[in-house]
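Residue strings, one per chain:
Protein chains: 4
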Amino acid sequence: MIVVMAKDSAQVDLDEVRRRIENRPGLQPQVFHGVERIVVGVLGSIPPDLKDEMELLPGVLEVVPISKPYKLASREFHPDNSVVMVGDVAIGGSEPVVMAGPCSVEDEEQMVTTARAVKAAGARILRGGAFKPRTSPYSFRGMGIEGLKLLQLAKQETGLPIITEVMAPGDVDTVAQYADILQIGTRNMQNYMLLDEVGRTNKPVMVKRGFAAPYEEWLLAAEYVMSWGNRQVMLCERGIRSFEHYTRFTLDVAAIPVIQRLSHLPILADPSHSTGKWHLVTPVALAAIAAGAHGLLVEVHPNPDLAKCDGPQSLTFQNFSSMMDQVRAVVAAVQREPVSVPSPAHRRGR
Amino acid sequence: MIVVMAKDSAQVDLDEVRRRIENRPGLQPQVFHGVERIVVGVLGSIPPDLKDEMELLPGVLEVVPISKPYKLASREFHPDNSVVMVGDVAIGGSEPVVMAGPCSVEDEEQMVTTARAVKAAGARILRGGAFKPRTSPYSFRGMGIEGLKLLQLAKQETGLPIITEVMAPGDVDTVAQYADILQIGTRNMQNYMLLDEVGRTNKPVMVKRGFAAPYEEWLLAAEYVMSWGNRQVMLCERGIRSFEHYTRFTLDVAAIPVIQRLSHLPILADPSHSTGKWHLVTPVALAAIAAGAHGLLVEVHPNPDLAKCDGPQSLTFQNFSSMMDQVRAVVAAVQREPVSVPSPAHRRGR
Amino acid sequence: MIVVMAKDSAQVDLDEVRRRIENRPGLQPQVFHGVERIVVGVLGSIPPDLKDEMELLPGVLEVVPISKPYKLASREFHPDNSVVMVGDVAIGGSEPVVMAGPCSVEDEEQMVTTARAVKAAGARILRGGAFKPRTSPYSFRGMGIEGLKLLQLAKQETGLPIITEVMAPGDVDTVAQYADILQIGTRNMQNYMLLDEVGRTNKPVMVKRGFAAPYEEWLLAAEYVMSWGNRQVMLCERGIRSFEHYTRFTLDVAAIPVIQRLSHLPILADPSHSTGKWHLVTPVALAAIAAGAHGLLVEVHPNPDLAKCDGPQSLTFQNFSSMMDQVRAVVAAVQREPVSVPSPAHRRGR
Amino acid sequence: MIVVMAKDSAQVDLDEVRRRIENRPGLQPQVFHGVERIVVGVLGSIPPDLKDEMELLPGVLEVVPISKPYKLASREFHPDNSVVMVGDVAIGGSEPVVMAGPCSVEDEEQMVTTARAVKAAGARILRGGAFKPRTSPYSFRGMGIEGLKLLQLAKQETGLPIITEVMAPGDVDTVAQYADILQIGTRNMQNYMLLDEVGRTNKPVMVKRGFAAPYEEWLLAAEYVMSWGNRQVMLCERGIRSFEHYTRFTLDVAAIPVIQRLSHLPILADPSHSTGKWHLVTPVALAAIAAGAHGLLVEVHPNPDLAKCDGPQSLTFQNFSSMMDQVRAVVAAVQREPVSVPSPAHRRGR
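So the protein lines, in turn, are chains S, R, X and D.
Residue numbers for the first sequence follow my numbering, so the first one is 375 and each next one is one higher.
Residue numbers for the second sequence follow my numbering, so the first one is 375 and each next one is one higher.
Residue numbers for the third sequence follow my numbering, so the first one is 375 and each next one is one higher.
Residue numbers for the fourth sequence follow my numbering, so the first one is 375 and each next one is one higher.
The set of hints was computed from the structure by calculation and includes no laboratory data.
Please note that a few of the clues may not be correct.
Identical copies go unnamed one by one, so any copy, or any two together, can satisfy a pair.
In silico DSS-like links for lysine-lysine, alpha-carbon gap of 27 Å or less [claimed, not checked]:
#1 Lys425 <-> Lys442
#2 Lys523 <-> Lys651
#3 Lys493 <-> Lys651
#4 Lys381 <-> Lys577
#5 Lys445 <-> Lys651
#6 Lys529 <-> Lys493
#7 Lys381 <-> Lys445
#8 Lys651 <-> Lys381
#9 Lys523 <-> Lys445
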């Protein structure tokens, strides 16, 4: 950590900064008098509250953290890519995994026909919402446990593992009985008690990016889950809120290679929620794959204009099948990085 | 609702739009052939899923909602200002209410001295966090129930009612035993199960704005609470996430008069979390009051540089007392709007 | 245009709205009394100032434009893709065009070796800045006319046409003598006098997206150029400003298919400025191509760590050559849309 | 400047960083081996291109600037507030200055009656646009030189000095003949050639904040003007682009005290353009004054519903007069900071 002080700071203020640092076990200050600033380097393992303490001491202009606040999720901690196994499906390996299905579970026929269609087109995981976060209290909020049972039925019919969202700490145990992957939605990315609770399970967890979350806060959300011992965490870029409202959100495609540099966790992309329009889903899906995503989360519905939610962004079976053909072609075209990404310190070719 | 179609839409597409509208009980389409577009007006009480259904019909370019999706929270539904009573403190009336106290409850002495100091300076409600949402799992997360008990103690000593955050549906009953106002934090503004749960209590609720929430989603969060019958809801602008990172968030001061136009609920402001720097708290607090805020939420700590959280943005007792003097002066200077704000349709002076 | 009025508007207010519309040549109001609102449809060709006039009449809650404010740039006006020819290079056709070169022109050797290297790797257009917009007045601002001459020299050596930025109306004639494509930078996207001036030339123009410009304002900037009769306009997505600062900007990859739906103009992408980091350039470039971009604008430098600007985001010759191999593979994999994109009203497959 | 390197960086990489720093005249590296990072402090006066150079050396993870990139505009360079004199009006002193008038100059009667009305209500400067930046090429773009002449006429009638926008470097001399303050609009804040040109005049300049400009880029725009020797610069917060679109822009009220801390230049606010709605102008104006703004820029029109631009946000004479009464009351209520703001290093009260 670097503490930046005004050049004309009083000696008493500099002494106080030094004293506070020395008071902490294992920390040592190193002071440099620059042309425009006094800079105090803090050597040692920095406790998380030190930044706050330093920031409000007299004479201090700025405190610059040097280490990352997340550890378990960082590539420095774990240089090789993590691969999360869901049954025999490997997420985070060299082959992208497509998870597809309806926004919400509606009835048995819908789930089973969709499961069969997406499996036939190449999806490896079935998605479907039983507990639905909805902006308005007057919208359909999902079938709850009945929905989970229909998901299980579709799994039995097709063998596809299930990913589904859990929204409350008290529901985690129940959802975990049915789901193969627990999904944390964008609006719950900083619902810390929910993160704690899924961290206590032994189920794979997908942490969707909060729509206003910088990379660091997103990785800290993963860190919450991992800090309980659950290391089967994957991330999903699903679009951030920007000033542009033609699309529902703005998919940050650079997040894919950035996360691969900062973290060892698998990173997927959701072209459906980010765009909000079915005709944008395929180009954005291809973009994510070309950028190196470990997978996709895509909404598919047998009859989008009758869907109980997210109809405008849902693909028909035919749309999805066509998208999958193109996804396969792009996967074949792009040189996938080897499992261990080069360290940030690697040299570039000349 | 207005459905906009391409001028060259096929007759079959126009007929389908018409048919879908007529299928809904009580709805009727009205079709106009404009120069560049066909416009279909939908008359009647619009169900929330109709927009999605219309959007993906062939020929449809855009669907424009005309009514607001929130009802109970809207000023149209309830033209006069709502006043929320907390003991004998009226929130939403002509006199702004200041709620002050530490970010987190730390010990008895801290709470009691702070409660006395903020009361002496003119605060009417005591704030303090027992359950703390923290970005990092390695930060101090609050004292939990012990913290609630210390808040109660400080209330007994000073008579100040308590506002404190509740973070999980399962904690609502417990927190409600100690708190006079249940606070929904910015990261939980779309934690719908938590909103449901506080809606089922009979306690006043403060809904802080999600840091990436447009006004409409914020008012819909209030609507969640109100839809369970709990009408004692107040709102708090606490800063939105923008590209500017010198401050932690960007306080949207215009939100105060906007919310007063859209809604009858009291609207407060939090200058501490929005700025993240103690020396910005007073000017931003005065701005909020001058813009018409019904109150403030301010962090105060006996010794900010030892605070377990949010030290950099906490005021000392002396800072707070000085801020309160200026707040009173601005309150006296500004002509407060009468309890019933003029309708959006009022004429302006010439 | 739709004028939305309060249900309880006074008759005099409704009459005034009606009168104002009828006062405009060729316009007619159509009034509907809905359950919650009065809606007035305005039929005819809407003048641009009518929205402002309507918005402040008593009783009016909202005015919703139905037509797009841009015409020449819109796909409705011109259903087939536009192809801009630069010498024998077709931009906007089925084959993406890569434009590459250094951020700024520095000397003859740098320009000529770079031009040869990028040509060998498959670039079709040479980029290089002679007039450089720099955030700080103390940074290198380009070689000016001397830089233009070096660009011309590199063109003579390699045959590659030149794209270069013009920053002031008074420089347009001079720059147009040397450049094959005039580039409008992101900070000048709403420098209307500059847009006018390039509109008066007969040179192809690339309009980079302003980093806080919604699609509509971007297309209106293109409309400025086109309104002077210059139809050789292409667009370039180069990243928008978001809350995420790990990358310099956030490349909005969905902009590519969105612009192809709204407009007939070619749309390229700039992975260098959007990311600001060389190691993110290739994945983001591939994403843009997979999403359907008509080309790329990439910074390449013989020795990035000695570059006078933008070194951190510049590719070496070897990096660029490797990127081009992958670009070609993705181009081959993706089914390019035919020249005429299906209209927004087309049906989706079932 | 701080160069952060990976702990496991090769010795050759560390040596290269050191060598590059030592190559620069007057610079010296200081190396520290921390627990998780190697940190290299660079002592001396840092050239602006060093950051770029360091960032792409092998082993370098991050480069953290410690000094501010602007000098002339910074409070460190000039601890006391700057006061810009326009005739006998002092901008930046203890009394806020209100500048008011129509969005665009339309005719003599409009200008003269408005000038008289705003003067009577207490405005000290007359605003009016002769050259208008408009999003659409089809909107009214101002009267040009004829407009400047009408502004001059209104000045002769009332004695009010004039502020008006200049949009192109080639127009600066002409506009400077008529204007007392040259206004740089938000869309031109990074039109560097325009900044250069107004810097070469001896006229006061108002630099409006670019709607996506962080404080640092805004102050660097002021630095451009000042670097030519023109020190009569003032700043104006006019709203930033956020995800919220109910208002045209989001006024960042905290910018006022922040700028006063970072810079010695006067800081004003524009409640008209930021909100886009006349009924929000007064509360936002009062907020800016309460936060310490040195003045306001407000749009006033004799008949807003006939205004050629910005009618919806323009105040009538009566609205403006009422706003001014409240502004005076708030000014009287707020303790204005003394001319010299306490340094960032000052102690806070206990």
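**Message:** At most 27 Å between alpha carbons: which applies to Lys381 and Lys445, within, between, both or neither?
**Reply:** between (34 Å within a copy, 15 Å between copies)
**Asked** Are the CA atoms of Lys445 and Lys651 at most 27 Å apart within a copy, between copies, both, or neither?
**Response** between (37 Å within a copy, 23 Å between copies)
**Message:** I want to check one pair: Lys523 and Lys651. Are their C-alpha atoms no more than 27 Å apart within a copy, between two copies, both, or neither?
**Reply:** neither (29 Å within a copy, 47 Å between copies)
**Asked** Given identical chains, is Lys425 near Lys442, meaning Cα to Cα at most 27 Å, within a copy, between copies, both, or neither?
**Response** both (13 Å within a copy, 21 Å between copies)
**Prompt:** What label fits Lys651 with Lys381 when the C-alpha limit is 27 Å: within, between, both, or neither?
**Reply:** Between copies only: 21 Å across, 55 Å inside.
**Message:** At most 27 Å between alpha carbons: which applies to Lys493 and Lys651, within, between, both or neither?
**Reply:** within (23 Å within a copy, 38 Å between copies)
**Message:** At most 27 Å between alpha carbons: which applies to Lys381 and Lys577, within, between, both or neither?
**Reply:** So Lys381 and Lys577 fail the 27 Å test inside a copy (53 Å) and across (34 Å) alike.
**Prompt:** How would you label the pair Lys523, Lys445 (within, between, both, or neither) given a Cα cut-off of 27 Å?
**Reply:** Intra 37 Å, inter 34 Å, cutoff 27 Å: neither.
**Asked** Which holds for Lys529 with Lys493 at a C-alpha limit of 27 Å: within a copy, between copies, both or neither?
**Response** within (11 Å within a copy, 53 Å between copies)
Consistency note: the structure conflicts with the earlier hints numbered 2, 4 and 9.
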